[in-house]
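*Asks:* Here's the letter readout for the chains.
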Amino acid sequence: MINGLSLGSVYALMAVGYSLVYSIMNFSNFAHGGVIMVGAYIGYFAMTAANLPFWLAFVLCGVGAGLLAVLLELLVYTPLRNRNAPFLYYIISAMGASIFLENFVIATIGPTYRTYPQVFSTEPFRLGALSLSRIDLMIIAVAAVGLVALVIIIDKTKIGLGIRASSFSIKASQLMGVNVNVTIFIVFLLGGILAGFAGMLFGMKYTVYPTIGAITTKSFVAAVFGGLGSLPGAIIGSVLLGVIEVLVSGYLSSNFRDLIAFVILIGILIVKPTGLMGKTSEDKA
Amino acid sequence: MGEALLRTDKLSVSFGGIHALRETNIEINPGEIVAIIGSNGAGKSSMMNAISGVVKYSGEIEFKGRPLPKQAHRIVSAGISHVPEGRLIFANLTTMENLRMGAYLRNDARAVAKTLERVLDMFPRLKERENQIAGTLSGGEQQMLAMGRGLMSDPELLLLDEPSLGLAPILVDTIFDIIKEIKQMGKTILLVEQNAYKALSVADRAYVLTQGRITLEGPACDVMTNPVVVEAYLGKKRNRLIQDTAE
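Protein chains in written order, with the working numbering: chain X, 1392 to 1676; chain V, 44 to 290.
The reader is advised that the hints may include incorrect statements.
[Said to hold, decoys possible] Subject to a maximum C-alpha distance of 20 Å in a straight line, what follows is the list of computed EDC-like cross-link-like pairs (lysine to aspartate or glutamate):
{"id": "1", "chain 1": "V", "residue 1": "99", "chain 2": "V", "residue 2": "128"}
{"id": "2", "chain 1": "V", "residue 1": "157", "chain 2": "V", "residue 2": "199"}
{"id": "3", "chain 1": "X", "residue 1": "1549", "chain 2": "V", "residue 2": "140"}
{"id": "4", "chain 1": "V", "residue 1": "113", "chain 2": "V", "residue 2": "140"}
{"id": "5", "chain 1": "X", "residue 1": "1547", "chain 2": "V", "residue 2": "70"}
{"id": "6", "chain 1": "X", "residue 1": "1562", "chain 2": "V", "residue 2": "128"}
{"id": "7", "chain 1": "V", "residue 1": "170", "chain 2": "V", "residue 2": "128"}
{"id": "8", "chain 1": "X", "residue 1": "1549", "chain 2": "V", "residue 2": "197"}
{"id": "9", "chain 1": "X", "residue 1": "1547", "chain 2": "V", "residue 2": "199"}
{"id": "10", "chain 1": "V", "residue 1": "170", "chain 2": "V", "residue 2": "199"}
{"id": "11", "chain 1": "V", "residue 1": "230", "chain 2": "V", "residue 2": "160"}
{"id": "12", "chain 1": "X", "residue 1": "1549", "chain 2": "V", "residue 2": "173"}
{"id": "13", "chain 1": "X", "residue 1": "1549", "chain 2": "V", "residue 2": "70"}
If you are wondering where the hints come from, they were derived from the structure by calculation, not from laboratory data.
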């Protein structure tokens, strides 16, 4: 169960990035996996090559991944936006960027799996009869803090108001004086920072490798599951998916894990095509 | 000639080779209501969108004697607010959040609170609906919200694009009363309307747009009695409507 919550938390940190970008720009940013992977490597090298303490490496990886996400937006999506490109082009460019990042890392750093130095003792944390893994607790704590901070930014600040307004109508928010380019940068920055954290935590729990970004397929599923464009939806969808996966692996067989996850996704989409908490389609018109 | 608040020089807008607006020159003086009338597709909204920076244009726009910035957010801070056609309120936000969006660029909380008070005085209905999600407001309330939101930036020039579109006749009267009230607050208004009669009755001056060109301009009362205008936009309108529905 805790294992499921921790997996779900990692998915949630990634899924909100998909959801934020989708809510404003109406496309799924498949380059997000690349950002997560680079985040995991930044954390890894900060701790091994540069021998930095965990917390510093952690901050560095958030900052690095956030900047990478903004850089992608600047180099890849801004030119498309300036030309009013159709949304299909964004998705194709996103996939291209993702393939580029993966192969760039394979070519420069190499395809081998790398293990983070041990930060948390593998000795489980005992709470009464429960024994909890320390890394799982850490993941859940980071995700909770990160996601709560994100929700506060979106719900309570002026920037957040601008983001929510832009997600409804870019034109109308421009007429209110919102600088849409800046708003989009901020969205990529926020999504990128959380993606970096997710990548590092995932790398610490398992290992780091160039195609680690592929796990974002799962977080994307979770975002769709909860309703693309809805932050609470992405979070709830992720946690549910994580718990379901672990329960299925535990009680049935891990071979059924993805099968059942996707069957549930398809089931939900048949019943409610916009996901659990998605916007209704007329909202987005 | 007095100092115009806004002046366009050969303002043109085109979309992929189709000229929506061809070399139009208009002038808006401080404190007046200027109406732009014309049929569907005459270029009225294109003119507004060019001024507020959401479409690209050629030609010059001068505001308060200086070239108008080109980016939408800088135009808002220069003192122009655009209430778009179809209202474009943020249906996912509450009434109050919509109004706060209108003051997005203002940082002086006290001044914003004052403007908010004035807007809520002007539109008491919005106060009642403060925490309601704007998408659930009625059409008339949404129009009021769009206008209130437009006033929240405390603009000098307010662009109103089809404020009466799709509203019941009694609400149309209310909206036009409010337009007069906004003028009394000292705001300058550029008004685009298909309801030519209503628009001309509140306006000081008017321009008639036909296929992207200005074909007539002058004091509103002169425009209203101009035989061509009467023929095209006022007198025969009812006959034509009957014809349209008959076809």
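*Asks:* Tell me if the straight-line CA distance from residue 1562 of chain X to residue 128 of chain V falls inside 20 Å.
*Replies:* holds (12 Å)
*Asks:* Is residue 1549 of chain X within 20 Å of residue 70 of chain V, Cα to Cα?
*Replies:* This hinted pair is violated, its Cα atoms lying about 35 Å apart.
*Asks:* If you draw a straight line from the CA of residue 170 of chain V to the CA of residue 128 of chain V, is it 20 Å or shorter?
*Replies:* violated (23 Å)
*Asks:* Do the alpha carbons of residue 99 of chain V and residue 128 of chain V lie within 20 Å of each other, as the hint requires?
*Replies:* Distance ~18 Å between residue 99 of chain V and residue 128 of chain V Cα, so the pair holds.
*Asks:* Measure nothing beyond the straight line between the CA atoms of residue 230 of chain V and residue 160 of chain V; if it is 20 Å or shorter, mark the hint as holding.
*Replies:* holds (17 Å)
*Asks:* Is the hinted pair residue 1549 of chain X and residue 140 of chain V satisfied, with a Cα-Cα distance of at most 20 Å?
*Replies:* holds (10 Å)
*Asks:* Straight-line Cα separation of residue 1547 of chain X and residue 199 of chain V no greater than 20 Å?
*Replies:* Violated - the C-alpha atoms of residue 199 of chain V and residue 1547 of chain X are around 29 Å apart, more than 20 Å.
*Asks:* Is it true that the CA of residue 157 of chain V sits at most 20 Å from the CA of residue 199 of chain V?
*Replies:* Roughly 16 Å separates the two Cα atoms, so the pair holds.
*Asks:* For the pair supplied as a hint, residue 1549 of chain X and residue 173 of chain V, is the alpha-carbon distance within the 20 Å limit?
*Replies:* Holds - the C-alpha atoms of residue 173 of chain V and residue 1549 of chain X are around 18 Å apart, at most 20 Å.
*Asks:* Below or equal to 20 Å on CA atoms is what counts here, so check residue 113 of chain V against residue 140 of chain V.
*Replies:* violated (27 Å)
*Asks:* Would you mind confirming whether the straight-line C-alpha gap from residue 1547 of chain X to residue 70 of chain V stays at or under 20 Å?
*Replies:* violated (42 Å)
*Asks:* Taken at face value, is the distance from the CA of residue 199 of chain V to the CA of residue 170 of chain V at most 20 Å?
*Replies:* violated (24 Å)
The structure does not agree with the numbered hints 4, 5, 7, 9, 10, 13 stated previously, though it agrees with the rest.
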